[in-house]
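Participant: Chains as they are written, first to last, in the working numbering: chain A, 1 to 243; chain B, 244 to 635; chain C, 636 to 792.
Do not rely on the hints blindly, as some may be mistaken.
Cut-off 30 Å, straight-line C-alpha distance, at most; resulting in silico cross-link-like pairs (DSBU-like, lysine-lysine) [to be verified]: (1) K544/B <-> K293/B; (2) K691/C <-> K713/C; (3) K688/C <-> K740/C; (4) K216/A <-> K759/C; (5) K688/C <-> K669/C; (6) K427/B <-> K516/B; (7) K669/C <-> K169/A; (8) K169/A <-> K688/C; (9) K466/B <-> K372/B; (10) K760/C <-> K108/A; (11) K48/A <-> K759/C; (12) K427/B <-> K590/B; (13) K169/A <-> K691/C; (14) K146/A <-> K691/C; (15) K427/B <-> K169/A; (16) K618/B <-> K551/B; (17) K380/B <-> K640/C; (18) K48/A <-> K713/C.
Derived from the structure by calculation, the hints contain no laboratory data.
Only a predicted model underlies this, so the values are computations on that prediction, with no experimental measurement involved.
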Amino acid sequence: MNLSRRHFLVLVPAAAVAWKAVLAGTPEEAPNYNQAEHWWGMLIDIPKCIGCGNCVKACEAENDVPEGHFRTWVERYHVTDGNMTNPEVISPDGGKEGFPVVQEDAGKYFFVPKMCNHCSDSPCTQVCPVGATFVTPDGVVLVDQKYCLGCAYCVQACPYGCRYIHPEKKVADKCTLCYHRITKGLTTACCENCPTGARQLVDLKNPNDPIHEFLKTHAVQVLKPQMATGAKAFYNELDGSVR
Amino acid sequence: MSGVEGFMYPNEIALQWSVLIVLYPFITGLVAGAFILASLERVFRVEAVKPTYRLALLTALAFLLDAPLPLQLHLGHPERSPEMYFTPHATSAMAMFGYVYLWYLMAVLVLEIWLDYRRDIVLWSQQSKGLLRVIYKIMTLGSSNISERSLAIDERVGWIVTLIGIPSAFLLHGYVGFIFGSIKANPWWNSPLMPVVFIFSAMVSGIAAVMLLYMGVTKLRKKLIDIRCVDSIAMYLFYIFIIDFSLEMLDLIHRIYEADESFRSLDFMVHTKLFLSQIVLQICLGTLVPLVLLFLTQVVKFPEIVRKRMYATSGALALMGIFAMRWNVVIGGQIFSKSFLGYTTYKMTLGTREGLLPAIALTILPFIFLFVLIKLLPPWQDKDLHGTAAAD
Amino acid sequence: MSSFKDAGHLFRFAGLFVLAFVVFLVVRHWVVPKTFGQYGHYRGASIGEMAAKPVKYAGHEACEACHTDKADEKKAGKHAHVNCEACHGPLANHANDPAAVTPVKPDTVVLCARCHTASAAKPKKFPQVAPAEHSNGMPCQTCHNPHSPAMDAGGAK
Numbered sequence: 001m002n003l004s005r006r007h008f009l010v011l012v013p014a015a016a017v018a019w020k021a022v023l024a025g026t027p028e029e030a031p032n033y034n035q036a037e038h039w040w041g042m043l044i045d046i047p048k049c050i051g052c053g054n055c056v057k058a059c060e061a062e063n064d065v066p067e068g069h070f071r072t073w074v075e076r077y078h079v080t081d082g083n084m085t086n087p088e089v090i091s092p093d094g095g096k097e098g099f100p101v102v103q104e105d106a107g108k109y110f111f112v113p114k115m116c117n118h119c120s121d122s123p124c125t126q127v128c129p130v131g132a133t134f135v136t137p138d139g140v141v142l143v144d145q146k147y148c149l150g151c152a153y154c155v156q157a158c159p160y161g162c163r164y165i166h167p168e169k170k171v172a173d174k175c176t177l178c179y180h181r182i183t184k185g186l187t188t189a190c191c192e193n194c195p196t197g198a199r200q201l202v203d204l205k206n207p208n209d210p211i212h213e214f215l216k217t218h219a220v221q222v223l224k225p226q227m228a229t230g231a232k233a234f235y236n237e238l239d240g241s242v243r
Numbered sequence: 244m245s246g247v248e249g250f251m252y253p254n255e256i257a258l259q260w261s262v263l264i265v266l267y268p269f270i271t272g273l274v275a276g277a278f279i280l281a282s283l284e285r286v287f288r289v290e291a292v293k294p295t296y297r298l299a300l301l302t303a304l305a306f307l308l309d310a311p312l313p314l315q316l317h318l319g320h321p322e323r324s325p326e327m328y329f330t331p332h333a334t335s336a337m338a339m340f341g342y343v344y345l346w347y348l349m350a351v352l353v354l355e356i357w358l359d360y361r362r363d364i365v366l367w368s369q370q371s372k373g374l375l376r377v378i379y380k381i382m383t384l385g386s387s388n389i390s391e392r393s394l395a396i397d398e399r400v401g402w403i404v405t406l407i408g409i410p411s412a413f414l415l416h417g418y419v420g421f422i423f424g425s426i427k428a429n430p431w432w433n434s435p436l437m438p439v440v441f442i443f444s445a446m447v448s449g450i451a452a453v454m455l456l457y458m459g460v461t462k463l464r465k466k467l468i469d470i471r472c473v474d475s476i477a478m479y480l481f482y483i484f485i486i487d488f489s490l491e492m493l494d495l496i497h498r499i500y501e502a503d504e505s506f507r508s509l510d511f512m513v514h515t516k517l518f519l520s521q522i523v524l525q526i527c528l529g530t531l532v533p534l535v536l537l538f539l540t541q542v543v544k545f546p547e548i549v550r551k552r553m554y555a556t557s558g559a560l561a562l563m564g565i566f567a568m569r570w571n572v573v574i575g576g577q578i579f580s581k582s583f584l585g586y587t588t589y590k591m592t593l594g595t596r597e598g599l600l601p602a603i604a605l606t607i608l609p610f611i612f613l614f615v616l617i618k619l620l621p622p623w624q625d626k627d628l629h630g631t632a633a634a635d
Numbered sequence: 636m637s638s639f640k641d642a643g644h645l646f647r648f649a650g651l652f653v654l655a656f657v658v659f660l661v662v663r664h665w666v667v668p669k670t671f672g673q674y675g676h677y678r679g680a681s682i683g684e685m686a687a688k689p690v691k692y693a694g695h696e697a698c699e700a701c702h703t704d705k706a707d708e709k710k711a712g713k714h715a716h717v718n719c720e721a722c723h724g725p726l727a728n729h730a731n732d733p734a735a736v737t738p739v740k741p742d743t744v745v746l747c748a749r750c751h752t753a754s755a756a757k758p759k760k761f762p763q764v765a766p767a768e769h770s771n772g773m774p775c776q777t778c779h780n781p782h783s784p785a786m787d788a789g790g791a792k
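With the rest of the complex left out, here is chain A (with noise of 0.2 Å):
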């Protein structure tokens, strides 16, 4: 086993970086990280969204997200009669124990995961009084719970309804696209525990990510692209009935 890992750790060098990081258990910045290299969003492929609310779950580990609130979350939409403007939507719990069985076949079903869409033209940044919240030169919007005052500001600019107060900490908190795991070479967490593939990572300045070529080739919309916000989590087959 021994000889494997040294094999296999030669040749993957990011998994590398990351092992020795994850091995260190001390939490660094991968030291081979440079933030102006990347430019970071996620794929949603509706079609291969199967609503296990794997990844709600998964988030909700990883970040200690208090009950109740989300960061991401994921919702069932029913369109029926091709009726695009009253869809039946619903969301148990965020879709965290996935969702009650449907027995009849009428009209059309699917999943939507939604999260922080870490968009580039954030109004949510422009609006916090004090600059406890921004855009990091990699694209990912972060909040600085150190500075926060939790006026809430920001959780009312969000067009997305992804941000919440944290009940405890009495600060703004939302995805933060799993950068402590982004930046050690890793993949968010909802990703890495999607079971089909439905959630992918993406590096938009690398054009060697696969997600990349994805992107080119398929038609994908973003969330209420009227609002201009420079979102960067991209939908695959989006249906025009989704809010």
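Position chains B and C relative to chain A; hints supplied.
Facilitator: The following block gives chains B and C in isolation, referenced to the frame of chain A:
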């Protein structure tokens, strides 16, 4: 998921901004409105309202001192609020709060009050004893110069301060309107009209408040109400109310006509969840009834006692209506889902930090401040008040 | 000149302002964090603090480094792209110190149902069964190899 109808994004279900955030624009609105009334006399030389000049300024100060308190109670980390002064984010309307507030407090309101009262302050500092003497002495900033020339300078500078103060008052409350109006994520708030509506409704509430306070305090002092003064204030109240009402109707008609993607959801909300607060309290009782009453007083010559009752009723209803307007904006903006597919309920708590009881306490507190200010800086040249102050 | 004498009190008022401003600048210099403004209008050090948070899921590459036999089983089967911790839960602490932390094997009756319970809402092509009809409470691994579960692809037990 109690209190939720339809679908809400999971993080939207609990409201972020409570009754305290309803209270804040109401209070700063009273400040701005009271100041505008005071400026009617100072800048526009409307002699009739002179009896309320000093009272309006003190009212504005009392409410301005109370204004940051609901915000502090709301913040998750109030101890970090100085960050708004040290690192204000230039793109955030809320960051302007610290500086606009401080500017208005010190460079406008306190300065104007000081300039108007300075002669009296110097005299009181010489005539009173004990702790009061010390307080007055500090307020003179060590200068006892009340010569003709110095008072003339005060008058001139005071006029300039009031002149700057009018746009400052608009800024103090207009930025609050902008805080809501600039949020593209929220269609109930998003409107370029929002700052203007806030300013005019602020003026309505401030003028109504000073008018009621003047009538109430004068009665308590067992003096005669200057009816010419109150007639004049009521006339201004009427005209500004017309403008405010027109602006709100314009917003409403525009929404109904354009009927964009949010319209059906918002329309349903107004007719169901906001029916009492918007249709009944804000529009009917809080706007239409006072407008009709005020209109009648403008066209029919009622006897004095009847006019006073009508003014008092209109004023009180107007204040309730403007509070209801703030409620409908703040709470209304959070009880519908941004997916336009559902609604939640505002569960106002009673005794918690952001509950009803602190809100009531913070509404009563400015009257306590006002009481202290009236005692310290009596607006009227009354022998007995003067004497009482000296004997304290 | 005499007008300045009569405006002395105004200069005192202005003086208070200037004094307050100076005090403000001094306090500001002392209080504002040093890394503020490093990359933008925020505390630069917070990026590093965020990146330094502990990792709970080791990531499948870490698992496969040691568990090569399971990795090989999975590679050719239907669960090739189902990562280890999606079923086994967060195990960075085990990857850190394998001897100290022993993972608990998941209960397949509960685990597999999460994805594979049939529902008209799920994509049609996705393999799904009604658990009561299909296995009637029997643990899934009685017939299926969890690491390569397809019966006809040699995954049957």
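Participant: Among all the numbered hints in the text so far, which are the ones the structure does not match?
Facilitator: Result: no hint breaks.
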